[in-house]
Amino acid sequence: MIVRVGLKACLTAVFLLSIFSGNALADDAIPSSFEDKFKQGDIVQTCVLSCMFKWGLTRDELKKLNDEGNWLQLAEKTADVKYGHELAYYFLAKSAFNLGYYDAALSYIEKSKSKVIPCLPTTCYGINVSDEFSIFKLRIAESNPKPSENAAQAIVSNIKQLPVPLQQTENKTQPDNVKQAKQEDSNSLSAKHIIGNPSTTSDVRAKASPATANANRIQSLLSSVESTDELPPSLLSAWSGAAEDTKNRVLNEMEAGSIAFTNGYFSHAEVLFSDAQKQIETIYADNATAQAARSKFVAEATKDFKGDPYERAMVGYYLGLIDLAKGDYDNARAGFRFAQLQDTMSTSEIYQDDMAVMQYLIGWSYWCEGNTSSAKEEFERAQRMRSSLIPPMKKDNVLMIGDLGNAPVKYTSGKYSELLKYRAGGATPRVQVAFRLGDKQLTGMLAEDVFFQASTRGGSVVEDIRAGKANFKQGAETVENAASDVASVALTAAALSHSAGQQHDGNVALAIGVIAILTKLAASGVAKNTLTTADTRSWTALPASIHLTTGKMVEPSLVEAGFFDADGKVLKSKMTIIKSTPKKECSLVYARDKNFSAETDSDSLSKWKLIPEAERTNSSTTTALKVTSSTTAMQNSDGALGGTILFNGTGGN
Amino acid sequence: MTTVLLSACATDQTKQNAPVTYKDVSSVSAVSGVGVESQDIVTVSDIMVRDLLADPQIMKMTRAPRIIIDSEYFKNESTQRINKNLIVDRLRINLQRASRGKLMFVSRESAGMVNMERELKREGVTDSGTSGLTKAQAGADYRLTGRISSLDARSTSTGTIERYTQLSFELIDLENGISLWANQYEMKKGGQDDAVYR
Chain A
22 MIVRVGLKAC
32 LTAVFLLSIF
42 SGNALADDAI
52 PSSFEDKFKQ
62 GDIVQTCVLS
72 CMFKWGLTRD
82 ELKKLNDEGN
92 WLQLAEKTAD
102 VKYGHELAYY
112 FLAKSAFNLG
122 YYDAALSYIE
132 KSKSKVIPCL
142 PTTCYGINVS
152 DEFSIFKLRI
162 AESNPKPSEN
172 AAQAIVSNIK
182 QLPVPLQQTE
192 NKTQPDNVKQ
202 AKQEDSNSLS
212 AKHIIGNPST
222 TSDVRAKASP
232 ATANANRIQS
242 LLSSVESTDE
252 LPPSLLSAWS
262 GAAEDTKNRV
272 LNEMEAGSIA
282 FTNGYFSHAE
292 VLFSDAQKQI
302 ETIYADNATA
312 QAARSKFVAE
322 ATKDFKGDPY
332 ERAMVGYYLG
342 LIDLAKGDYD
352 NARAGFRFAQ
362 LQDTMSTSEI
372 YQDDMAVMQY
382 LIGWSYWCEG
392 NTSSAKEEFE
402 RAQRMRSSLI
412 PPMKKDNVLM
422 IGDLGNAPVK
432 YTSGKYSELL
442 KYRAGGATPR
452 VQVAFRLGDK
462 QLTGMLAEDV
472 FFQASTRGGS
482 VVEDIRAGKA
492 NFKQGAETVE
502 NAASDVASVA
512 LTAAALSHSA
522 GQQHDGNVAL
532 AIGVIAILTK
542 LAASGVAKNT
552 LTTADTRSWT
562 ALPASIHLTT
572 GKMVEPSLVE
582 AGFFDADGKV
592 LKSKMTIIKS
602 TPKKECSLVY
612 ARDKNFSAET
622 DSDSLSKWKL
632 IPEAERTNSS
642 TTTALKVTSS
652 TTAMQNSDGA
662 LGGTILFNGT
672 GGN
Chain B
256 MTTVLLSACA
266 TDQTKQNAPV
276 TYKDVSSVSA
286 VSGVGVESQD
296 IVTVSDIMVR
306 DLLADPQIMK
316 MTRAPRIIID
326 SEYFKNESTQ
336 RINKNLIVDR
346 LRINLQRASR
356 GKLMFVSRES
366 AGMVNMEREL
376 KREGVTDSGT
386 SGLTKAQAGA
396 DYRLTGRISS
406 LDARSTSTGT
416 IERYTQLSFE
426 LIDLENGISL
436 WANQYEMKKG
446 GQDDAVYR
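Note that the protein sequences, when read in sequence, are chains A and B.
The number in our numbering is simply the position in the first sequence, starting from 1, with 21 added.
The number in our numbering is simply the position in the second sequence, starting from 1, with 255 added.
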């Protein structure tokens, strides 16, 4: 018995040692020029069986580095393991992407196609690697305004001349510089997206034919739009590879809707956002994937995405703007009220229904209808929320809106990544916007801080679910550790008893040891398979802030947006998207501080004046918000602050 | 072999395909929220049609009154974006079919189209058709107005959301402003989203 136990333990130790040492002996030391090799996209994950154990031990640490955003360290440790797994290439690609090594990121995405071990729902922390890769490619394409000249020209020259998006009202005499600017934007966008996606435009539509009811949902939605605005195939190509399952349907529609909206394709954006809104409003009472996501062994990211309250609210924001542009003021208000309603999900009373921009836009919809008394009430309410929001002047008939900056970023925290936290998106120098209406320059007022909305939700029920999973996992690990100790003691006791000739005591101790080992293995499996990671899927195309102002409309060719730094100096300018209502009572001017078609020349910047200090947005402070919605706060039986919020759809509470 | 082993336990929970099938328009939707759904549109338009047909003031006029039923003055003041034409079109068409000539319907939405044709006839581009020319387009006697309003309540502790929706309709005399007929349809729906969404 002693010999058998001893031999078994020895063999086990030799086996484990061989795995570790095999790995250590077989692999080269990390080259001192690791970073260079990483930047070039030359890291290859070739190891399989001999690295499997080390991967299992290291994987959680890698995930932690991923969640904390330690990209270089993540890349180095992933390369160190060399394990040929889809998740490993995801870590490499994501690290490269976040460090700005876009070519390397694309290289790792390409290398992942020759992966050995694919991601499964229980082995990749619920990360949908294919979706994430699509987003990376999209963002790389958008942020690379000057793709390889030859490549861009070669591709664009093969495309039929893309139509310039028309304004909603037939402005047949569109000035040449507007047409040219829009064409440049359109062409540069098309080149960017084509280079980011291997699909060629000529066969995108052919690929778009859905094979099943769920396939290519976005493309089928877009194809259903009856509009004189022909959507460039390049805008579709970015989504041809997007996962179409229900899990990410709303997220894909949000992202695609943003692309359509910021490029002026309001009809297409409407279709996408409407479907997203419908899914958001659907009550998921008996939804299998939602129930599964509550399970301890299923990642939260398995659930169908609906978005955080701020993301749901922004769907209402864009829908409202689209309806404003159409002159459908009823539905515009419904969209903004939907946004306000989503904002009431905050547990903290202070942060409920505090989106000043929605209030202001409701007022603007009344203003355009000629209902000045209702408009006045809404503007006053908006100004109480955010004092910088000044109501329009008499006869103002154009609303100018600028979306600036990068979306809030979600990340996980906590021992088991069960806590969901937010940080501001990547900083940009462009923190303010102004609009030129002819010779007149109007500074945009800060109407909303999207990061503030994201980060001030307060507690949520799903946090309790995550905490429960984390406690369960910790419990399983405790059992595992305790069983390990018991096994160690018992096996030692068994060996000693047998060596002392105490056969019976030795056998008992051995049995205890075996049971303890089995318990340890079981608990280890349970712990490993308890998926606690919070869902960090997010709408990456959102802005960080919304700025607006109003004025009297002029000739569309004389309308321009300028983007300024914190000192009030102009950095870039671009032509805007202009939509006028059918009866021309109001116009909407929209600008996003992305996709600049060319470096703005000094001549075009010289016409912009410095923003006066009193009008500058101070990005480090947020105007104090006050609650104006009527809420009845009640304490429930266990003392927790509950609340029932009454929301009057007719406006004002 | 490793791949086979690792993928052996994989089950895809997300792909649930179903062929397209016809559904009863008045049935409760499988995908539903607390707002106005197809079954509500069917119900409210049916109720309003029956009520209008039963109103003696309207149905027993000596001359068939001319009515405009469209969405122009049908306001949406709720928190739900809705195509108002879904409601008024169903109401108008069912009323027109059921009234059997006792009511005449004026399509003010088509005024522009009618005007174009009238101009073609008078300019001699086309002939005058088979019904001859008239002095002007038909004027209306009454017009439908209405409003959709809602009141939302959300409990932050349980995540329950409830919405009270009221659809009100009125028939206004276009000469003197008198409200000839009025009715309303109200409903209250509530639901609780799964905990992972709260």
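For the record, the hints were derived by calculation from the structure and aren't laboratory data.
Everything numeric in this text was worked out from a predicted model, so none of it was measured.
All C-beta atoms in this analysis are idealised placements derived from N, C-alpha and C, irrespective of residue type, glycine included.
Treat the hints with care, since some could be wrong.
To be verified - Some but not every residue of chain B turned toward chain A, in silico, with C-beta under 10 Å:
id	residue
1	Ser287
2	Asn331
3	Gln335
4	Arg336
5	Ile403
6	Ser405
7	Gly446
Unchecked claim - Derived EDC-like pairs (lysine to aspartate or glutamate); straight-line CA-CA distance at most 20 Å:
id	chain 1	residue 1	chain 2	residue 2
8	B	Lys339	A	Glu390
9	B	Lys330	A	Glu606
10	B	Lys330	A	Asp586
11	A	Lys347	B	Glu364
12	A	Lys299	B	Asp295
Now the hints, each set against the structure:
Taking 10 Å as the C-beta contact cut-off toward chain A, the hint placing serine 287(B) at the interface holds, the least distance being around 7 Å. With a cut of 10 Å, the hint placing asparagine 331(B) at the interface with chain A holds, because the nearest CB-to-CB distance is about 4 Å. The interface hint given for glutamine 335(B) holds, since its Cβ lies 6 Å from the closest Cβ of chain A, which is under the 10 Å cut-off. Annotation: interface hint on arginine 336(B) holds; nearest CB of chain A at approximately 5 Å, less than 10 Å.
At a threshold of 10 Å, the smallest CB-CB gap from isoleucine 403(B) to chain A is about 8 Å, leaving the interface hint in force. Interface hint status for serine 405(B): upheld, as the beta-carbon distance to the closest one in chain A is roughly 4 Å, under 10 Å. Interface restraint check: glycine 446(B) against chain A, minimum CB-CB distance 4 Å, threshold 10 Å, status holds. The suggested pairing of lysine 339(B) with glutamate 390(A) holds, with an alpha-carbon distance near 18 Å, which does not exceed 20 Å.
Only pairs whose Cα atoms come within 20 Å are accepted, and lysine 330(B) paired with glutamate 606(A) is accepted, the gap being roughly 18 Å. Of the supplied pair hints, the one linking lysine 330(B) and aspartate 586(A) is violated, its CA atoms being roughly 43 Å apart against a limit of 20 Å. Under the criterion of a C-alpha separation no larger than 20 Å, the hint pairing lysine 347(A) with glutamate 364(B) is consistent with the structure, at around 17 Å. Proposed proximity of lysine 299(A) and aspartate 295(B) is supported: the alpha carbons are some 16 Å apart, at most 20 Å.
Hint compliance for this structure: hint 10 alone is broken.
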